[in-house]
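Colleague: Residue numbers (the numbering used here), protein chains in the order written: chain A, 1 to 308; chain B, 1 to 532.
Quick caveat, the hints were computed from the structure, so don't treat them as lab data.
Note that CB positions come from ideal geometry on N, CA and C, so glycine has one too.
Don't take every hint at face value.
Straight-line Cα separation of at most 30 Å, BS3-like style, residue types lysine-lysine; simulated pairs [unchecked claim]:
id	chain 1	residue 1	chain 2	residue 2
1	B	Lys113	B	Lys152
2	B	Lys107	B	Lys233
3	B	Lys233	A	Lys75
4	B	Lys156	A	Lys52
5	A	Lys52	B	Lys154
6	A	Lys52	B	Lys117
7	B	Lys463	A	Lys52
8	B	Lys233	A	Lys52
9	B	Lys176	A	Lys52
10	B	Lys164	B	Lys176
11	B	Lys208	B	Lys117
12	B	Lys200	A	Lys52
13	B	Lys411	B	Lys463
14	B	Lys206	A	Lys75
15	A	Lys52	B	Lys411
16	A	Lys75	B	Lys101
Short derived list, chain B residues pointing at chain A, Cβ under 7 Å [claimed, not checked]:
id	residue
17	Tyr50
18	Ala132
19	Asn136
20	Gly220
21	Gly224
22	Phe251
23	Asn253
24	Thr256
25	Asn259
26	Leu262
27	Ala263
28	Ala414
29	Glu470
30	Ala473
Away from chain A, derived, C-beta distances all over 10 Å, residues of chain B [stated by the list, open to error]:
id	residue
31	Pro49
32	Thr79
33	Asp121
34	Lys206
35	Arg231
36	Ser252
37	Glu255
38	Asp310
39	Ala327
40	Lys328
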Amino acid sequence: MLRFALRRLLIMIPIAVIVTFLVYAMVFALPGDPIRALSGQKPLAESVIAAKRAYYHLNDPLFVQYLHFMGNLLKGDLGQTFDGQDIGEQLALRWPVTLQLGLTALAIQLVLGLVSGVYAGWRRDGLVDRALLGATLGVLAVPGLVAMFFAQSFFAVELSWFPVSGATDGWPGSYLLPATVLGVLGFAGLARVTRTSIAEVASADFVRTARAKGLAPNRILWGHVLRNAMLPVITYIGLDLAGILGGAIITEGIYNLNGIGQFMFRSIAMKEGGVVVTLSTVLLLGYMLVNLVVDLLYGLLDPRVRHV
Amino acid sequence: MARTRRIVKAATGTALAVLLAGCSGAGSGDGAGKDDGHSMAIATAAEVPYLNPSNDNGTTGIQIESALWAPLTRVDAKTGKLVNVVADSVTSKDAKTWTIKIKPGWKFTNGEKLTAKSFVDTWNYTAYAPHAFANNGAFQRVEGYEDLNPAKGKPKATTLSGLKVVDDLTFTVTLKGAFSPYPTTLSYLGVAALSAETLKDPDQFKHKPIGYGAYKLDGGWKAGQPVRLMRNKDYAGKDAPQADHITFRFFSNPETAYNEFLAGNVDYVAVPSSKIDSYKTDAPGKWSQAKAAAGINYLNLPVTLKPYTDTRVRRALSLALDRDSLAKLKPGNFPATSFTAPSVDGHRENTCSDCRLDVARAKKLLREAGGFPGKLRLFFASDNPGEQVYAEALGNMWRQKLGLKIQYVGKPGAEIGPLANAGKLDGIRIMGWGHDYPALEDYLTPMFASYGDVNTGRYRDAKVDRMLGEANAQVDQAQATRDYQAIEDRIAEQMPVLPLSHSRDVYLHAEGVEPLNAPFANVDPVRSTFAD
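Given these sequences and hints, build the entire structure.
Modeller: Pasting the structure below:
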């Protein structure tokens, strides 16, 4: 298992290099000149543009720019955005915001999705199962953007239960509303996967055998069904984490949370190749790590896919 | 020539940005005297990376910096006349060499005295190309600018030869040529002074602004966080606004800012274009429209290409437009009847005799000119919401009233700009322009001089160029205004552009908080008055 983990970690290196270059090239290929776009309505003096282009190596070919960027990155120097913000400082300010939002949303989603999914799958065709079907269909049908704006104007503006936006109240106050919306929107898929998986395992031969032997229903569920039903669920959660971080771009915009998502959005708009690559690399590595953990969990859950 | 102009794309739906000195008016109220704890929160659109007026030409940054610094001169919001703030006098005998005296007793918040040297040092620093400061271009009229900003190679000098310190409170500025609106350009906050401490290493003071304005930072600040300001007790100006505490909150999403206003958490917000149908019912009694319209939306014609070379064709195109209907397509817009903005001193209505709907006359002129062969190409920014609808409305008017064939060319704004600058637009372009400093000249030169920054239609009239030179050299400001008006009259005969509309921002403000709103200044929440 250790060798498997190490091998997977080593594979991450070439993948990271390839992905960073691809992302960098894609940002490079976006139309428009980042320095000219910098001040938007009021163009800068030509001499200032020239000075800025030289500072950011913008006159060099793509590959040279990329090497400059990677060289500085390896030296631990993240540099400055085109409008003069210290990228390292911004990341330090913003990561906690996104992590708090993402993890809170994930926690809400897990609790909602697993509890309802397990219950509905175990008591298939019962009242809860049917209600869940309706609820998940409803949630899946609502566009995320609509739900976010609705929740904001109803729960925050009308009822004043939550702050409207911003992170000034800290955790949990500022994060509760957006995280709940994200969590509720994301719970549907998880609940459906869990429910189907549980229902399927519940009708498997070994469960019938356990029943026939007179095992208590609770022990059958917790000791046998759950463990066997978790494989697809874990896979789903791993994939879903990426979805939550992707959703953060929209959520952070609407709830004015100054996190990575907003930084990413602004950086793409400003053609900040360096920032976009740094952020996507971190996201990519995080994603790969999560998937590694998922793969390792497979082994724990099901000895047949244990890695050697 | 370096470009330091501001181009506002006409159809963005957002109002012309607040910028420049025009954004503050004569002191309203005597807020400095009392301290009953007026505080307000202002929602702003963009996030500012740092606070430094010399290195900032964005609307939001300049707005915050206008509270932390003070301009040399300012246009009175009610009368449109120039008044002195930090400056004691700005005088010249020939409109070329200007003597600027500043008032005594002004101090930076770090205790340094504000002197003539502060200005000269800051201006030299800003004008030096390798420093890459955003307001570098504000000094392009000063003698010696090219030595600091060569087209190629390294700068030959680090200081502008046109700047001289005379004594503690006096300095002189020698321009490359006579320029009578110069005192008005000093109302731009981008020519405020930085402290000597800041100039030693500006990077150290990105988030620790040292100004001499009516406010200073309240506590620390980091980029991305709200900016909190408190009253600067040492402010030497007589025009301090009433608010004792001001918080600027940044919202990347305008709808979110709007919701925060409805929840009562911010006291001022601009109405986002998506809420233009609902703001009156969402916030009854709490919305206002700006009195000033600081800009102009117009159509740029490629006057060097056939058939646009014929003045009769240009006039016919103008006379076929129903400007009232067009203005209704854009929030806060009203029809334009002249070539300058109503919020500028010296502006006159109805200078454009062809800015009215007269289809019979349009048809007659077009017939005399021999018709419009081929298709009229109409360029619009496809990434601007609403611009396609606007373009089609324009096209339909020409199609229905004059029988022209229209070809719509939608391109991202980022592509149209460079095409136009390269002189490669073979059609009509929807444009907008807002002044850098509130002067007639700042419409006439950029739009109509042969060397004008936004004259992408390549209009060239030797007489206009000559008249501009003469008006710029006119020391008597009243006479200069009349000279500029004469230039506008000549342009109206030739119609190189077709004026369309001006816009007035709509904004929301909390009960008891009245942002400065006057005919000659953009709406300024910093200078709000409070009902007690």
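Colleague: Evaluate each hint against the coordinates.
Modeller: Results for each hint:
1. Only pairs whose Cα atoms come within 30 Å are accepted, and lysine 113 (chain B) paired with lysine 152 (chain B) is rejected, the gap being roughly 38 Å.
2. At roughly 11 Å between alpha-carbon atoms, lysine 107 (chain B) and lysine 233 (chain B) fall within 30 Å of each other, so this suggested pair holds.
3. This hinted pair does not check out: lysine 233 (chain B) and lysine 75 (chain A) have alpha carbons roughly 46 Å apart, beyond 30 Å.
4. About 19 Å separates the Cα atoms of lysine 156 (chain B) and lysine 52 (chain A), which keeps this hinted pair within 30 Å; it holds.
5. Of the supplied pair hints, the one linking lysine 52 (chain A) and lysine 154 (chain B) holds, its CA atoms being roughly 14 Å apart against a limit of 30 Å.
6. A distance of roughly 27 Å separates the Cα atoms of lysine 52 (chain A) and lysine 117 (chain B); the hinted pair therefore holds under the 30 Å criterion.
7. Taking the CA atoms of lysine 463 (chain B) and lysine 52 (chain A), the gap is about 38 Å. The hint is violated against a cut of 30 Å.
8. Restraint check for lysine 233 (chain B) and lysine 52 (chain A): the C-alpha separation of about 38 Å exceeds 30 Å, so the hint is violated.
9. Of the pairs offered as hints, the one joining lysine 176 (chain B) and lysine 52 (chain A) holds, with about 26 Å between alpha carbons and a cut-off of 30 Å not exceeded.
10. Between lysine 164 (chain B) and lysine 176 (chain B) the CA atoms are separated by roughly 15 Å; this keeps the pair inside 30 Å, and the hint holds.
11. Of the pairs offered as hints, the one joining lysine 208 (chain B) and lysine 117 (chain B) holds, with about 21 Å between alpha carbons and a cut-off of 30 Å not exceeded.
12. Between lysine 200 (chain B) and lysine 52 (chain A) the CA atoms are separated by roughly 20 Å; this keeps the pair inside 30 Å, and the hint holds.
13. At roughly 35 Å between alpha-carbon atoms, lysine 411 (chain B) and lysine 463 (chain B) are farther apart than 30 Å, so this suggested pair is violated.
14. Pair hint lysine 206 (chain B) plus lysine 75 (chain A) holds up; C-alpha atoms about 24 Å apart against a cutoff of 30 Å.
15. At most 30 Å may separate the alpha-carbon atoms for a hinted pair to count; lysine 52 (chain A) and lysine 411 (chain B) meet this at roughly 27 Å.
16. With a CA separation close to 50 Å, the supplied pair lysine 75 (chain A) and lysine 101 (chain B) exceeds the 30 Å bound.
17. Using the Cβ-Cβ criterion of 7 Å, the hint placing tyrosine 50 (chain B) at the interface with chain A is satisfied: the shortest such distance is roughly 6 Å.
18. For alanine 132 (chain B), the interface hint holds, since its Cβ comes within 7 Å of a Cβ in chain A; the closest pair sits about 4 Å apart.
19. Residue-level restraint check for asparagine 136 (chain B) holds (minimum Cβ-Cβ distance to chain A is 4 Å; threshold 7 Å).
20. Annotation: glycine 220 (chain B) was flagged as interfacial toward chain A, and the flag is violated, the nearest CB pair being 13 Å apart, outside 7 Å.
21. At a threshold of 7 Å, the smallest CB-CB gap from glycine 224 (chain B) to chain A is about 5 Å, leaving the interface hint in force.
22. The beta carbon of phenylalanine 251 (chain B) comes within 5 Å of a beta carbon in chain A, closer than 7 Å, and the hint placing it at the interface holds.
23. With a least beta-carbon distance of about 5 Å to chain A, the hint placing asparagine 253 (chain B) at the interface is held under the 7 Å criterion.
24. A least Cβ separation of about 5 Å between threonine 256 (chain B) and chain A falls short of the 7 Å threshold, and the interface hint therefore holds.
25. For asparagine 259 (chain B), the shortest C-beta to C-beta distance to chain A is roughly 5 Å, which falls under 7 Å, so the interface hint holds.
26. Contact between leucine 262 (chain B) and chain A, as hinted, is supported at the beta carbon level, the nearest pair being about 5 Å apart and thus within 7 Å.
27. Using the Cβ-Cβ criterion of 7 Å, the hint placing alanine 263 (chain B) at the interface with chain A is satisfied: the shortest such distance is roughly 5 Å.
28. For alanine 414 (chain B), the suggested interface contact is upheld, since its CB lies about 4 Å from the closest CB of chain A, less than 7 Å.
29. The closest approach between the C-beta of glutamate 470 (chain B) and any C-beta of chain A is roughly 27 Å, which is over the 7 Å cut-off, so the hint fails.
30. Nearest Cβ of chain A to the Cβ of alanine 473 (chain B): about 24 Å, over the 7 Å cut. The hint is violated.
31. For proline 49 (chain B), the non-interface assignment is contradicted: its Cβ lies about 4 Å from the closest Cβ of chain A, within the 10 Å cut-off.
32. Remark: the non-interface label on threonine 79 (chain B) is consistent with the geometry, its nearest Cβ contact in chain A lying 27 Å away (cut-off 10 Å).
33. At roughly 19 Å from the closest C-beta of chain A, the C-beta of aspartate 121 (chain B) stays outside 10 Å, upholding its exclusion from the interface.
34. Separation of lysine 206 (chain B) from chain A is inadequate, the least Cβ-Cβ distance of about 7 Å not exceeding the 10 Å criterion.
35. Every CB of chain A lies more than 10 Å from the CB of arginine 231 (chain B), the least distance being 22 Å, so the non-interface label holds.
36. Once the 10 Å rule is applied to beta carbons, serine 252 (chain B) is inconsistent with being away from chain A; the minimum gap is 6 Å.
37. Against chain A, the non-interface label of glutamate 255 (chain B) is violated: not every CB pair exceeds 10 Å, the least being about 7 Å.
38. Its beta-carbon lying about 32 Å from the closest one in chain A, aspartate 310 (chain B) satisfies the requirement of being farther than 10 Å from that chain.
39. Non-interface status of alanine 327 (chain B) relative to chain A is upheld: no Cβ of that chain comes within 10 Å, the nearest being about 22 Å off.
40. For lysine 328 (chain B), the requirement that its beta carbon stay farther than 10 Å from each beta carbon of chain A is met, with the minimum near 25 Å.
Hint compliance for this structure: hints 1, 3, 7, 8, 13, 16, 20, 29, 30, 31, 34, 36 and 37 are not met, and every other hint is.
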